[in-house]
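Chain by chain, the residues:
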Amino acid sequence: MELRPPIVIASGTGGMGEYLKLIDPKHIGAYTLKTITFNPRRGNPPPRLIATQNYLINSIGLENVGVEKFIEELENRVYDELFKKVKVIFSFAGENFEEYLLVAQKMAPYQDRFVAFECNFSCPNVHFNPLSNVVELERMLSELRKRLNVFLIAKLGVEGAFIEEIAKIVEDCGWNGVTLINTIRALHVDGDRIIKGGISGPVLKPIALRAVYEVRKKTNLYIIASGGIMNEQDAEQFFKVGANAISVGTALYKDPKMIEKIAQKFS
Amino acid sequence: MENFSLTRSELVQLTADTFIISFNEWIDFEPIQFIMIETETSIVRKPFGLGRWNGKLAIGVQIIGPGTNYIVQQSVLEAHGPCGKGFVPPEGKGAMIATPACLPMALDLHKRYGCDVFIGSLEELSIEIPFPLVVGDEAFLNLLRSLEGYDWFLVIGSDQMEKISYDILKGKAEVFVSFNEYMACGIGACRGCAKETKNGLKHLCIDGPVLRGEEVWS
Numbered sequence: 001m002e003l004r005p006p007i008v009i010a011s012g013t014g015g016m017g018e019y020l021k022l023i024d025p026k027h028i029g030a031y032t033l034k035t036i037t038f039n040p041r042r043g044n045p046p047p048r049l050i051a052t053q054n055y056l057i058n059s060i061g062l063e064n065v066g067v068e069k070f071i072e073e074l075e076n077r078v079y080d081e082l083f084k085k086v087k088v089i090f091s092f093a094g095e096n097f098e099e100y101l102l103v104a105q106k107m108a109p110y111q112d113r114f115v116a117f118e119c120n121f122s123c124p125n126v127h128f129n130p131l132s133n134v135v136e137l138e139r140m141l142s143e144l145r146k147r148l149n150v151f152l153i154a155k156l157g158v159e160g161a162f163i164e165e166i167a168k169i170v171e172d173c174g175w176n177g178v179t180l181i182n183t184i185r186a187l188h189v190d191g192d193r194i195i196k197g198g199i200s201g202p203v204l205k206p207i208a209l210r211a212v213y214e215v216r217k218k219t220n221l222y223i224i225a226s227g228g229i230m231n232e233q234d235a236e237q238f239f240k241v242g243a244n245a246i247s248v249g250t251a252l253y254k255d256p257k258m259i260e261k262i263a264q265k266f267s
Numbered sequence: 001m002e003n004f005s006l007t008r009s010e011l012v013q014l015t016a017d018t019f020i021i022s023f024n025e026w027i028d029f030e031p032i033q034f035i036m037i038e039t040e041t042s043i044v045r046k047p048f049g050l051g052r053w054n055g056k057l058a059i060g061v062q063i064i065g066p067g068t069n070y071i072v073q074q075s076v077l078e079a080h081g082p083c084g085k086g087f088v089p090p091e092g093k094g095a096m097i098a099t100p101a102c103l104p105m106a107l108d109l110h111k112r113y114g115c116d117v118f119i120g121s122l123e124e125l126s127i128e129i130p131f132p133l134v135v136g137d138e139a140f141l142n143l144l145r146s147l148e149g150y151d152w153f154l155v156i157g158s159d160q161m162e163k164i165s166y167d168i169l170k171g172k173a174e175v176f177v178s179f180n181e182y183m184a185c186g187i188g189a190c191r192g193c194a195k196e197t198k199n200g201l202k203h204l205c206i207d208g209p210v211l212r213g214e215e216v217w218s
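Those sequence lines, one after another, are chains A and B. Its first residue numbered 1, the first sequence is counted upward by one per residue in this note's numbering. Its first residue numbered 1, the second sequence is counted upward by one per residue in this note's numbering.
Do not take every clue at face value.
[To be verified] Restraint-style ranges between C-beta atoms, simulated for each label pair:
#	chain 1	residue 1	chain 2	residue 2	range
1	A	D80	B	I27	25 to 31 Å
2	B	L201	A	H127	15 to 21 Å
3	A	K240	B	T41	26 to 32 Å
What the hints contain is simulated information worked out from the structure, not anything from laboratory work. Here a beta-carbon is modelled for each residue, glycine too, at the ideal position from N, C-alpha and C.
Between the sequences and the hints, there should be enough to build the whole structure, so can you do that?
Given below as structure tokens:
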């Protein structure tokens, strides 16, 4: 996969292409859509967000229309403008291993439209954690590889197992890349309110840097680094420890123009 | 929808903690649309309703923490917008009921639709305004109870003020409320500003910020 510039809009934060209203597509290497699941998901109840200077906690809960409706939208040309402007990465997940396979099966006929499929194995806002069962995960990775003839990326988190060991399994199963890392489970107390969700933003950067560093030592996978990349200096550090591309998420909320600044440095 | 820098034209202090900031730049917007403004104190931008002051683009800011304090202190602000669905009032006679920080929005709505405006404040204002002003909780409640002969109301303020207003006004006319919920993107991407309604989840940045009160509180 060749991404120029090597900048990806992260799944979830970037929605379904909305940021093209604020960012010139020439600065985007690929745009990852929100994660699609087999069944439609309403997502978690509000409140869903809390932000400070150093972190954002979100509890969106993979709100999405489900794969059937998404395919209907694809066929109704809802995303044609998006496809014309940028390379698009399809992100998907399931509430169990079988649902990952079902989404893959439904989407296989459309795979050529996407530059890659990103399999979200690490959303902290749902109860299912595929990384906690390595044997099942390996079976799933092999099955998905057989069914999809597309650049396959596993989005991994740091909860469940050492990330470099999971990444090695990903590589051994014939996958092409990893996105490192996802948000991590966290909690914020705001008066009487308790907000549980996945944490992102600057506090995540040292953890993500270590993950990229360790996975690069152990694999030859294409690495999309994600976690606390807020500016050009952050991006540079991730490239230095072995990232092939960087994924920007929370920084979009601080300043959408940051994408352009990073792109100008790394094009 | 665009990114822009806003340079401050005028800063008007209304009360100890409430200000109007007008800007030199001109942006077209629909009533009650908002912009997302960057601060140094949060990694997400904050929403502020758009309006006019002395013919210029303006927002109202009540200082409730370091983020709003930052916005009042700056001469240049980074923002994007306009965001949200513009409010189009129904037919008939209407009134907007708002806090002092909503004055720019009120002026804009009044100019476009000729609706009445009532401002409820906890303190006297430091300037004259062209709308009736009531000061203090009791006076505000009396105002709400006295309002008759309207076809619609639009309420904008704090969560508590909005709920109290809705409870008193709901039997008199259709009540619209500009709801508040934490927001990150303001453009429909993040899905963070979800609001429970009787018609399912609504996202305030694209379905709102104005919803019918009965959708949320019936």
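Tell me, which hint numbers fail for this structure?
none
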